[in-house]
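**Student:** Chain by chain, the residues run as shown.
Number of protein chains: 2
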Amino acid sequence: MTPPTKFLLDEDAIPTHWVNVLGELPGDPLPPLSPRTGQPAGPDDLTPIFPMGLIAQEVSPEPEIAIPDPVRDAYRLWRPTPLYRARRFEQALDTPARIFYKYEGVSPAGSHKPNTAVAQAYENAQAGIRKLCTETGAGQWGSALAFACTLFGLECEVFMVGSSYDQKPYRRSMMQTWGATVHRSPSERTEAGRSQASHPTGSLGIAISEAVEVAAHDPDCNYALGSVLNHVMLHQTVIGQEALAQLELAEAEPDVLVGCVGGGSNFAGLIFPFLRAGRDVRIVAAEPAACPTLTRGVYGYDYGDTVGMTPLMPMYTLGHDFVPPPVHAGGLRYHGDAPMVCTLVRSGRVEPRAYKQNETFEAAVRFARSEGIIPAPEPAHAIRAVIEEAYAAREAGEERTILFGLCGHGNFDLAAYDAYLAGELQDPEFSEAELEAALAALPEAPAIA
Amino acid sequence: MTPPTKFLLDEDAIPTHWVNVLGELPGDPLPPLSPRTGQPAGPDDLTPIFPMGLIAQEVSPEPEIAIPDPVRDAYRLWRPTPLYRARRFEQALDTPARIFYKYEGVSPAGSHKPNTAVAQAYENAQAGIRKLCTETGAGQWGSALAFACTLFGLECEVFMVGSSYDQKPYRRSMMQTWGATVHRSPSERTEAGRSQASHPTGSLGIAISEAVEVAAHDPDCNYALGSVLNHVMLHQTVIGQEALAQLELAEAEPDVLVGCVGGGSNFAGLIFPFLRAGRDVRIVAAEPAACPTLTRGVYGYDYGDTVGMTPLMPMYTLGHDFVPPPVHAGGLRYHGDAPMVCTLVRSGRVEPRAYKQNETFEAAVRFARSEGIIPAPEPAHAIRAVIEEAYAAREAGEERTILFGLCGHGNFDLAAYDAYLAGELQDPEFSEAELEAALAALPEAPAIA
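So the sequence lines, in the order shown, correspond to chains A and B. Going by this note's numbering, the first residue of the first sequence is number 494, and it counts up by one from there. Going by this note's numbering, the first residue of the second sequence is number 494, and it counts up by one from there.
Next comes chain A alone, as it looks inside the complex (with noise of 0.2 Å):
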């Protein structure tokens, strides 16, 4: 009998809790300060932008939180999602290690952002909001909101980074096929886009600031991140918790977890809930090397977004003024890092590796010829830093076991493989002195031991 290549559970297997690890991080946790006060944020820097129920997810203790039955009944639509073992691949790689993948991109935006998406929606409907406004670099986070809207009866407004709207036609004609209105940021239709129109490739921290300004600005509206909040890595929980059961069907377990970063949730939704079960693994962060906020960033509180309207918040940055190159991997394209996972890479459970672009696109071609799955860019950094842990794996001799997570396909991302195919596709760098000044522009703040 051929051994499976893929792990299925029934949708009674979907998870009934969300894993809240923030009481178990390493260090004492640290509050996001107000942009206002430089005090700790209250509940007045948030009301107005998101729901009560979602500030309590964020900064609640509870190690466990129930999934509403509304957002369960959601998720129905395409989790669980599998678990593959990448048989071919692992054979491609001529290693004696075993690859497994959780493969986020059966869902109907191709990603796992609709995991938080629909949380968010759910609750933003019960506390009687109308809209939704938010921002989406690569598209990924845009379409899964706009396609949440459309299940929970919410209008929906996008900005979307304008080298990504010229990239990715195709991302915007998806959300407007769920219902939703997009720009391209930086726009005209706020003053933080008016005041960024120096920088027309845009940034998410540009379009961040754009989509908090318009729900700022009407009581019917409110904001949805789509990463980096303390409630967006539990949202995503589910992947893990998911993954624990699925390696156990295949009597697996796992050496080294990886998964790629932009603002860390398809990161966090992957490894919390193997930290939560204690498991002794080693775990790599894979990040662009055009946006190496966890290899080059500094440790300390900065604004999430561009014009610095959003809480201060601890965590690696490379500055709240960068705007990194156009890769694209427009879902890495990000100054900060979620906080949680911030520290665990300060703490050193997390190591973290940054990746060229054409190297990506070299590793993603080689899988998807072997597993025909086309990945997003994004996780074509995580498939990079897997490779070398199977070279490392065939080095020692040893049979390790890999987990990764490929958290969505490359359907809207093939003008890119076009350009990597074609030998156009660049490696481009961020000049040292914009960095510098970026980092030399943080916000001042408590400095933090």
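Keep in mind the hints are simulated off the structure, nothing from the lab. Check the hints yourself; a few may be wrong.
Which copy? The list can't say, so a pair holds if one copy fits it or any two copies do.
[What the hints assert, rightly or not] The calculated EDC-like cross-link candidates involving lysine to aspartate or glutamate, where the alpha carbons are at most 20 Å apart (straight line), are:
id	residue 1	residue 2
1	499	566
2	849	925
3	849	927
4	624	925
Once you've looked at the hints, dock chain B against the given chain A.
**Tutor:** Relative to chain A, chain B alone:
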């Protein structure tokens, strides 16, 4: 407890055999005719472009044909595919009907086409063939074959219908990512292509001529067809077999089966196992009004391609010269239909219906906004028919059960959704004079009683 949304099967439920209904279709089987002699086609007409393994399947009277292990192993990359209960769509339509759909969009290529692509690549690799050559309309078949060729170590060359090549550049990139070479058809590479330069939008018929010409002149290269032929229908029967098992899990018995028909393979793959099982079910075939083969064509012998290189097949046809206007459902722009499907239409067992482009997109957007998945333009035709059936059930006050084939996602068709949402989508019509001329140019062949 919430009732389930989707019905999954484990990998060991992937069918072990294909279902061959050739011997149980209505009427006497009609042989294909040689284009050279007008007599029943013999092996000489097929061996230059097909391996013996597939020729044997093409003419086999056996009721079941075993699926080779390496093909079943390749199926594990995405099969069994999910069966969904469209609960949110039912609600949106306010219908007492229970609507199920079998979703083939989870394959790496995003459609049902890999079901036959891997079977064909395997048989050719077994026969020592080095390269496969084919045509593609919307790009779904070409990308499926490119994917299959990379799994079995074959080269792949694809002639892509001009209008789709222009509308869907990312389908081309997808094929190239899997290592294939892609030409815009009509191309300069073949005599057939050069002779059709006056039809720059191309057609499936022209692209077939080009691919067959290349295969016929290169002994290391065979041709692969993505639809129409008996062995292609055969390979697709994994769809209906799984659906039968999944409906049993759902404790449902369908009253109506609905599929879209271009060449007929996804339709046949869904319905043949229900015919074999003797189910008392109505069957509806949905096609585009712009290429209304089943509803406006004549039943007779015609070439499968435009130039007249293939055997003559008994089928409904608009004439091999007919060039349908460029609707977005490129996979349905074919002048003929599978002989096995045509037999069922002719006998009255299958009811054909034709739909205009805009009404199919209206249906697809309603579906996307309730179920999430954005359908390809081809199955949008089936969804249009499903809406009619759901309304009919409401008018009759009956809880009818409808199963339809959602044979692919629309991730590469968003330019068409864009046009629809902007109110700019056409309902292109063919010229009646051109249809008349194409029908007058049918080849001389025995009349069919």
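**Student:** Please go over all the hints and tell whether each is borne out by the structure.
**Tutor:** Each hint, compared with the structure:
no., hint, in the structure
1, 499 x 566, "between (23 Å within a copy, 11 Å between copies)"
2, 849 x 925, "within (16 Å within a copy, 57 Å between copies)"
3, 849 x 927, "within (19 Å within a copy, 55 Å between copies)"
4, 624 x 925, "neither (40 Å within a copy, 49 Å between copies)"
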